[in-house]
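A.B. asks: Residue numbers (my numbering), protein chains in the order written: chain A, 1 to 61; chain B, 1 to 288.
Just to be clear, a hint being listed does not mean it is correct.
To be verified - Mimicking SDA-like on lysine to any residue, the simulated pairs with C-alpha atoms at most 20 Å apart in a straight line are:
{"#": "1", "chain 1": "A", "residue 1": "K11", "chain 2": "B", "residue 2": "T98"}
{"#": "2", "chain 1": "B", "residue 1": "K97", "chain 2": "B", "residue 2": "Y27"}
{"#": "3", "chain 1": "A", "residue 1": "K11", "chain 2": "B", "residue 2": "F193"}
{"#": "4", "chain 1": "A", "residue 1": "K11", "chain 2": "B", "residue 2": "L92"}
{"#": "5", "chain 1": "A", "residue 1": "K12", "chain 2": "B", "residue 2": "K96"}
{"#": "6", "chain 1": "B", "residue 1": "K97", "chain 2": "A", "residue 2": "R10"}
Derived from the structure by calculation, the hints contain no laboratory data.
Residue strings, one per chain:
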Amino acid sequence: MDTIVRRNSRKKVGGILFQAFAVAVGLLVLFPIIYCCFVSFMKPNQIQSIPPTFFPREWTL
Amino acid sequence: MRRKGIARLEPLLYLLPALVFFVLFTYYPFVKTVFNSFFLTNFMGIRKEFVGLENYLRILQDKEFLAAIKNTFIYVLASVPLSVFIALLLALIANKKTRSSPVYETMFALPMAMSSSVCAMIFELMYNPSLGILNEILGTNISWLTDSRYTIYSISFISVWMNIGFNFLFLLAAVRNVPADLLEAADMEGANFFLRSTKIILPIVSPTVFFLVINSLARSMMMSGLVIILTDGGRSGSASTMISYMYTQSVNSQNYNNGYAAAIVAFIITFILMLVSFGFEKKYVHYD
């Protein structure tokens, strides 16, 4: 009984880890779009700053 | 008797409007381009003098066109297999239906929804040597779109990214249609993920893979938009493809002599590649 419960919980954890991995791959695929979205909220001087940054320092519409 | 004749004619009449448009917008321009390619034309594209194969001989000695042929092959070889392979990997990841699978399925398919001009804008910013995030992440200082060593590969990467979504959707449908009993039997035999993928899933989805390769091949051979938007043909044509060469010769320089001949050479090369691909179909694609 204990072995079955342990196996089930291991399967559940494995499933959750796999789904997290799949979402991470999805984020990697969407990286250009996500980056573009963040850039769209940056102030012009931050877009033209060197080195470039990923997250907006100050969010602006 | 008369009714039978009308019944036979009816389906053809339904096809007629589509056929008229097909002939008008596909075959007629093609035949006219073939015909015009044997003539010297003026800057309006109007035929002036019959010159036989002279236009072909001229562009086949033009270094820029030869570079365009080479670039097109590099582009096709870099983008077609990679986009199908990555999409297949993503389809294998998304194969199992779970509670969160619609989330990552959408994520994988989303690049399909981007137009090439929007993608060009996004990647133009990412590829910028000083302001772009790519050099920052990689710790490099490469001019991705202006250095002739990297331009065509950078454009191929954009194309791979754009095609992933389309290829993924087709492959996901194919992978999910693999009979479950076959996979269960493989599991019982102790087959791991790699064996299951290569020995069971890949042969079964091979018709879909073949369709995607042929489709990507035809579209890649005709690619010009990204090159024209991002590099305007590249520095001294270093990134131009056959179709972007045709476009710049015809539209920018009004040199229709080269433009017509380039279009036909591009068609012939694509046609030969298609024939070769269909040769592979008999050997590697399984329809049973």
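A.B. asks: Hint by hint, say whether it matches the structure.
C.D. replies: Checked hints:
1. A distance of roughly 13 Å separates the Cα atoms of K11 (chain A) and T98 (chain B); the hinted pair therefore holds under the 20 Å criterion.
2. Note on K97 (chain B) and Y27 (chain B): the hinted pairing is violated, with a Cα-Cα distance of about 45 Å set against a maximum of 20 Å.
3. The straight-line distance between the Cα atoms of K11 (chain A) and F193 (chain B) is roughly 16 Å, inside the 20 Å bound, and the hint therefore holds.
4. Distance restraint check for K11 (chain A) and L92 (chain B): the Cα-Cα separation of roughly 19 Å lies within the 20 Å cut-off, and the hinted pair is therefore satisfied.
5. Using a Cα cut-off of 20 Å, the hinted pair K12 (chain A) and K96 (chain B) holds, with the two alpha carbons roughly 14 Å apart.
6. Pair hint K97 (chain B) plus R10 (chain A) holds up; C-alpha atoms about 19 Å apart against a cutoff of 20 Å.
Checked against the numbered hints above, the structure violates only hint 2.
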